[in-house]
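Put together the whole structure using the sequences plus the hints.
There are 4 protein chains.
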Amino acid sequence: MPKKGLIERLDSGVVIGDGGFVFALEKRGYVKAGPWTPEATVENPEAVRQLHREFLRAGSDVMQTFTFYASDDKLQNRGNEAQKKYTGAMINQQACEIAREVANEGDALVAGGISQTPTYLNGLGKEAVQKEFEKQLKVFVDNKVDFMIAEYFEHVEEIVWAVESIKQKCPGMPIAANMCIGPEGDMHGVSAGECAVRMAKAGADVIGINCHFDPDTVLAALRLMKEALTKAGFKKHLMAQPLGFKTPDASKQGFIDLPEFPFGLEPRILTRWDCHRYAREAYDLGVRYIGACCGFEPYHVRAIAEELQKERGCLPTGSEKHGQWGDGLRQHTKPWVRARARRDYWENLKPASGRPYCASMSKPDEWGVTQGDAMLKQQAQKTTDEDLQKLYKK
Amino acid sequence: MPKKGLIERLDSGVVIGDGGFVFALEKRGYVKAGPWTPEATVENPEAVRQLHREFLRAGSDVMQTFTFYASDDKLQNRGNEAQKKYTGAMINQQACEIAREVANEGDALVAGGISQTPTYLNGLGKEAVQKEFEKQLKVFVDNKVDFMIAEYFEHVEEIVWAVESIKQKCPGMPIAANMCIGPEGDMHGVSAGECAVRMAKAGADVIGINCHFDPDTVLAALRLMKEALTKAGFKKHLMAQPLGFKTPDASKQGFIDLPEFPFGLEPRILTRWDCHRYAREAYDLGVRYIGACCGFEPYHVRAIAEELQKERGCLPTGSEKHGQWGDGLRQHTKPWVRARARRDYWENLKPASGRPYCASMSKPDEWGVTQGDAMLKQQAQKTTDEDLQKLYKK
Amino acid sequence: MPKKGLIERLDSGVVIGDGGFVFALEKRGYVKAGPWTPEATVENPEAVRQLHREFLRAGSDVMQTFTFYASDDKLQNRGNEAQKKYTGAMINQQACEIAREVANEGDALVAGGISQTPTYLNGLGKEAVQKEFEKQLKVFVDNKVDFMIAEYFEHVEEIVWAVESIKQKCPGMPIAANMCIGPEGDMHGVSAGECAVRMAKAGADVIGINCHFDPDTVLAALRLMKEALTKAGFKKHLMAQPLGFKTPDASKQGFIDLPEFPFGLEPRILTRWDCHRYAREAYDLGVRYIGACCGFEPYHVRAIAEELQKERGCLPTGSEKHGQWGDGLRQHTKPWVRARARRDYWENLKPASGRPYCASMSKPDEWGVTQGDAMLKQQAQKTTDEDLQKLYKK
Amino acid sequence: MPKKGLIERLDSGVVIGDGGFVFALEKRGYVKAGPWTPEATVENPEAVRQLHREFLRAGSDVMQTFTFYASDDKLQNRGNEAQKKYTGAMINQQACEIAREVANEGDALVAGGISQTPTYLNGLGKEAVQKEFEKQLKVFVDNKVDFMIAEYFEHVEEIVWAVESIKQKCPGMPIAANMCIGPEGDMHGVSAGECAVRMAKAGADVIGINCHFDPDTVLAALRLMKEALTKAGFKKHLMAQPLGFKTPDASKQGFIDLPEFPFGLEPRILTRWDCHRYAREAYDLGVRYIGACCGFEPYHVRAIAEELQKERGCLPTGSEKHGQWGDGLRQHTKPWVRARARRDYWENLKPASGRPYCASMSKPDEWGVTQGDAMLKQQAQKTTDEDLQKLYKK
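Protein chains in written order, with full-length UniProt numbering: chain A, 1 to 394; chain B, 1 to 394; chain C, 1 to 394; chain D, 1 to 394.
Hints are computed from structural coordinates only; laboratory data are not their basis. Errors might be hidden in some of the hints.
[What the hints assert, rightly or not] Here are the simulated SDA-like pairs of lysine to any residue, each with C-alpha atoms no more than 25 Å apart in a straight line: (1) Lys334(D) - Gly372(C); (2) Lys350(B) - Tyr357(D); (3) Lys334(A) - Ala128(B); (4) Lys363(D) - Ala128(B); (5) Lys169(C) - Thr87(C); (6) Lys377(C) - Asn348(C); (7) Lys350(B) - Lys231(D); (8) Lys201(A) - Ala220(A).
[Claimed, not checked] Not the full set, but computed from the structure, chain D residues with beta-carbon under 7 Å of chain A: (9) Pro356; (10) Cys358; (11) Ala359; (12) Ser360; (13) Met361; (14) Trp367.
Each residue gets a CB set at the ideal place from its N, CA and C atoms; glycine is no exception.
See below:
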């Protein structure tokens with residue numbers, strides 16, 4: 001029996017995405033922070049497979065191929081060693097096989113993905129950018145992924161090109177398009193609502209936001225997108241794949257600007273209860289593709305699935321090891337911990353950081369540069385000490 | 001060529017432990033919070049194996065068998081379903097095989113482990129407690145683990161019994177003994193220093209502290225132990241396996257008492273830089289077994305290994321995906337993130353929590369009950385609603 | 001030589017207001033929190049006079065008569081005992097005499113003041129409300145105050161009535177009109193900009209905001225007012241009299257809604273350096289009447305005057321006891337305190353609260369009731385225990 | 001009828017001190033931060049008198065002459081201009097007259113005071129130091145103050161000399177001796193307990209601690225003093241005059257070391273409810289002279305008196321303007337504020353700072369220099385720019 005497709009699922013219920021591969025695998029030792037490229041699919045396929053399995057077990061209905069930033073121009077950016085050994089196609093081929101293998105252990109779909117390119121930042125124009133996309137898309141088509149996600153785009157201009165490429169090269173595949181923007185809109189000053197409308201016009205079937213902001217901020221921006229889409233007469237499914245980090249203090253460019261990015265974000269990690277709230281609020285807003293991005297670990301996704309138990313009609317497999325709302329604590333040795341085995345305790349807890357010398361909020365670095373600024377030009381060479389010193393002094 | 005043994009390694013250098021299995025596997029969906037028992041070795045061996053590999057890759061010199069709380073009395077405590085399917089021996093056998101398999105992929109040792117028992121809390125006496133230990137020890141002897149760890153004991157009386165059992169049943173095996181106490185000492189009021197001396201007298205070769213407190217607190221307590229051991233004329237190696245959570249506000253019973261335990265601890269998670277500091281301070285105090293407990297993920301252990309690169313003469317395998325002190329950020333797309341590719345940035349960062357409605361510190365639940373109190377008696381039945389309501393009202 | 005009038009001063013420079021009498025005198029023991037009425041002018045005139053002198057010395061160009069909430073309907077509200085002994089006219093007469101006495105010790109102007117009334121909350125209509133105003137205005141006219149301030153109005157409808165009354169009863173007196181609103185506008189949903197325009201239309205010469213919010217929020221709202229006034233073709237002077245408390249977390253009704261109001265606001269008190277920044281930002285926005293409200297003590301006003309030294313051409317008398325930007329610390333005994341005698345130290349300091357068990361921000365009580373709701377009807381009787389219990393349960 | 005003396009009062013009840021003159025008058029514009037000398041008694045006697053009256057009204061049983069740091073060597077320290085105009089004797093004479101005048105408006109006692117000297121810091125020896133004391137004591141004897149307080153001493157050696165001087169020059173006067181130390185003891189490393197014993201041996205009748213630390217820390221140190229006194233066989237009254245600022249993070253030298261001292265301490269200011277708790281805990285520890293130091297304003301002292309209403313048999317005059325435990329809020333206009341008119345609301349409130357970019361705690365400057373170090377030598381000249389720059393660089 002063939003699996004139900006993405007749109008069919010969204011029309012009739014809710015689809016849960018999977019979590020953040022690059023951050024989770026960085027913590028497990030398989031991805032390098034900085035380049036953030038997915039050569040682990042070739043180098044350590046068992047680690048990638050294991051993480052897929054954990055998300056499947058947590059309730060994910062989609063296995064996203066681990067192909068983030070696998071464009072050839074990115075693989076050779078700023079001294080990344082990955083490109084000496086692998087092409088993007090090699091990485092993506094492995095990613096597709098792993099994702100499909102695990103998807104078939106359950107009822108999950110496989111989604112291919114493309115994201116923003118150094119070529120765009122370097123101002124090389126539409127043709128050059130789409131060429132990068134197309135090299136990647138070929139692998140997804142060959143592997144017959146169930147649908148495509150264009151995600152992590154900061155400029156609406158580039159995601160429109162991406163959607164167009166998918167539309168052309170992957171006929172018949174549903175397209176989900178996600179920008180990594182907040183309520184302030186894209187880096188060139190296009191409003192969040194207008195971004196949504198342009199993605200819809202380009203042909204995206206599912207429209208949303210991923211990465212860069214916490215669930216609260218992502219939903220605030222999605223609300224603007226929803227209003228603009230409605231006003232423009234579009235009826236599209238909405239998609240949210242927020243960070244697993246609290247970012248009330250982030251500025252336009254999201255958590256990248258926060259001084260804690262990427263090695264001091266721990267105090268911002270969501271609790272599972274934050275994820276319950278996120279799932280409910282997303283659902284109430286009408287979002288039907290409720291997913292996750294950097295910072296989301298399997299237990300965070302499980303919390304989404306547990307919150308939506310009624311809507312989905314089931315609990316995820318992983319819940320066999322999780323008492324709902326703390327219920328497992330009934331089995332704890334200490335009586336005062338057993339006393340926490342109740343929903344209102346965890347819903348109302350305001351967790352302390354154990355860091356009295358740290359503030360709650362940070363002032364973001366706001367350099368305000370974006371595509372078009374010379375500072376954002378990319379290069380194949382690794383940043384030198386001299387370059388670094390110039391940057392420190394800014 | 002046979003591997004060098006534990007004591008030999010400690011005498012000539014530093015040994016890095018592995019991290020916290022129950023917490024890491026709970027987040028991955030394989031361990032249930034509440035009972036915290038390790039039946040995953042049977043149910044999902046590939047998940048346990050993968051975590052071992054990540055710690056090996058991160059620099060761990062020891063693979064601890066995932067046998068925490070696998071005593072038969074614990075497996076059947078308070079409605080734990082594990083005991084319906086498995087005996088402790090079954091779980092431990094699998095744990096030994098997995099640990100040995102991964103240890104042999106590198107140069108790591110395998111350590112068996114026993115911990116405190118419900119039998120002790122129920123006041124059933126030395127013989128009954130030791131019988132629980134001995135059932136577990138048999139598996140470790142049969143599997144020829146390299147050494148034994150008695151860990152997570154809140155009462156020195158019980159750990160002394162444990163060390164005695166190991167001494168008798170595992171002849172020739174080095175013994176490491178770790179209590180989960182802080183500077184205030186054990187739950188019966190025995191000082192930290194006196195606890196250390198009693199462990200030494202009972203025959204432990206390596207003496208230390210695991211779990212319950214953050215590195216700062218564990219090292220403060222180890223300092224007291226070191227002084228007491230020296231004063232009593234013992235020369236023993238010291239061992240630290242602290243939490244990967246900040247707990248400046250914990251009271252005598254550690255993070256168990258904090259209101260965030262176990263489902264709201266995220267804001268307290270250590271950064272990798274916290275682990276660098278921990279490794280250095282532990283080393284400077286003379287601790288030579290520098291390990292980790294609940295909350296430590298592979299990248300935390302890698303940070304210990306990176307801090308001790310000079311002392312160990314090498315970097316761990318996992319560092320191939322980690323630029324030292326943020327160096328990988330030289331390869332980041334954004335110039336202001338590249339500007340963070342330097343040690344002093346990360347050493348001085350005070351990370352914000354993104355939680356302005358949460359305080360820094362919590363008031364612990366201090367019920368002050370310990371072995372001997374009726375409230376701590378354990379039972380096979382799961383806590384009922386009625387029992388729970390009585391507890392809430394306290 | 002007659003003193004220069006308000007408008008003349010505003011046209012040619014900057015006017016500094018005085019600080020918050022009710023809060024300062026509450027802390028000194030002369031005003032009761034709850035009713036907040038100014039009977040101290042009769043009961044303890046020397047205390048009122050001393051506070052006036054301190055503000056004069058701090059650089060205030062205006063002595064506001066201490067007549068806040070001195071309408072007869074307020075004096076007898078909810079069991080206030082003041083009305084048994086004094087009429088509003090008696091209190092105000094004394095207030096005028098004291099203010100004039102101190103004003104003449106320097107070059108300050110005297111401003112009379114009226115504020116919102118229980119009569120309005122009780123929905124008794126324009127005529128009844130204006131009758132309350134007119135009883136007060138008579139005293140100000142008799143005493144020839146230099147100008148009038150209508151301040152602390154939450155509903156634009158009522159302040160328009162107030163401005164009209166002043167216009168009619170105090171011919172020739174300049175009128176300053178201040179609402180206690182933030183960027184969200186008045187309690188009936190009128191926008192901040194529209195409020196400003198209506199005040200201008202009613203005849204106010206100086207338009208602004210007092211109380212309820214911190215300087216940042218007040219200036220954000222004033223920016224909206226300025227834009228609306230410009231758009232409507234009005235050229236009016238702007239006035240700011242914000243709180244001396246940080247209120248980033250206040251909702252529409254300001255600090256009244258914060259759980260700390262009024263007896264736990266201490267951690268929110270501005271530093272003198274916060275006041276420097278306020279003065280500069282207000283000036284840069286074009287505000288020329290830069291004053292203060294609840295929470296501002298004399299040293300806060302002095303900081304305004306010191307920041308505007310160049311613009312005003314002088315330092316206030318009180319600066320003889322204050323080294324600029326910490327300069328007085330050069331005379332401190334301890335060398336590390338002397339090291340703080342510099343501007344950048346104090347400008348960049350992020351002061352800690354010493355309260356690790358308290359959060360940074362509070363969730364406001366948002367009952368959302370306003371004029372027109374039965375809950376806001378006032379009465380002469382003190383709230384009974386029974387009434388209170390009903391309120392707690394809400 | 002003559003007033004009851006200090007010891008008689010302490011034997012039969014509790015004595016409430018007055019609050020912090022230098023800090024309160026700095027905020028009012030009459031004292032210069034840095035030198036902190038009390039020339040306001042001559043320059044602005046009405047301001048000093050008013051503050052005395054407020055404390056009397058708040059419940060203070062003692063009017064301390066405003067003579068802090070009025071030794072001649074201090075008046076001419078580091079460019080203080082006070083010494084060009086006044087001698088210490090002139091300042092103290094005025095201080096005595098004002099204090100007596102206000103004390104006689106109630107039933108308060110007058111206490112003279114001496115404190116630590118630059119002469120001691122300069123290492124000029126016992127004779128030179130006592131000569132400074134004696135010049136001051138003469139005025140107190142001439143004015144027949146009711147008792148003497150030696151306070152604000154960081155070195156027990158110097159306070160012993162002070163007590164000896166008082167004993168010799170002020171025959172018959174009770175002597176209270178207060179060091180400004182915490183549980184870590186004096187700056188030369190003498191323990192808190194030993195300090196207490198030496199003060200007792202020197203002849204002090206009342207022994208305690210003032211300034212430098214918050215109530216919690218002061219009471220912790222007083223507990224050590226009490227134990228040591230008992231052990232040494234002394235029966236002395238205990239005295240507490242803590243700061244009105246929270247200082248959990250201060251190091252040995254107290255709030256002076258905190259980076260917020262003295263111009264950023266606002267977020268640390270105690271609430272009135274903190275003072276209730278302080279009064280109760282001090283009383284329960286057996287402290288009978290319960291006073292206050294820097295940061296305490298009249299309403300803080302009133303809170304002490306209100307907490308001890310039962311013990312003292314009366315409320316202070318100032319409570320006519322203060323409903324107990326928030327009771328005055330029954331008269332507030334807004335219903336949600338009326339709902340706060342109850343004890344448990346205020347006792348349990350954890351007040352937010354409104355400063356999400358600030359941490360809870362600070363790292364103190366710990367230069368660790370003390371009497372004997374060249375850096376602490378004092379001089380008549382003001383610190384030069386060059387000197388300052390050397391200090392910054394430390």
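To see whether the hints hold, each was checked on the structure:
1. Lys334(D) - Gly372(C): holds, 13 Å
2. Lys350(B) - Tyr357(D): holds, 11 Å
3. Lys334(A) - Ala128(B): holds, 21 Å
4. Lys363(D) - Ala128(B): Status violated; Cα separation ~51 Å.
5. Lys169(C) - Thr87(C): Cα-Cα ~20 Å, so holds.
6. Lys377(C) - Asn348(C): violated, 47 Å
7. Lys350(B) - Lys231(D): Status violated; Cα separation ~45 Å.
8. Lys201(A) - Ala220(A): Distance of about 22 Å is within 25 Å: holds.
9. Pro356: Holds, about 4 Å.
10. Cys358: Result: holds, 6 Å to nearest chain A Cβ.
11. Ala359: Where the cut-off is 7 Å and the nearest Cβ of chain A is about 5 Å from Ala359(D), the hint holds.
12. Ser360: holds, 4 Å
13. Met361: With Cβ-Cβ at 4 Å, under 7 Å, it holds.
14. Trp367: Not OK, violated: Trp367(D) not within 7 Å of chain A, min 19 Å.
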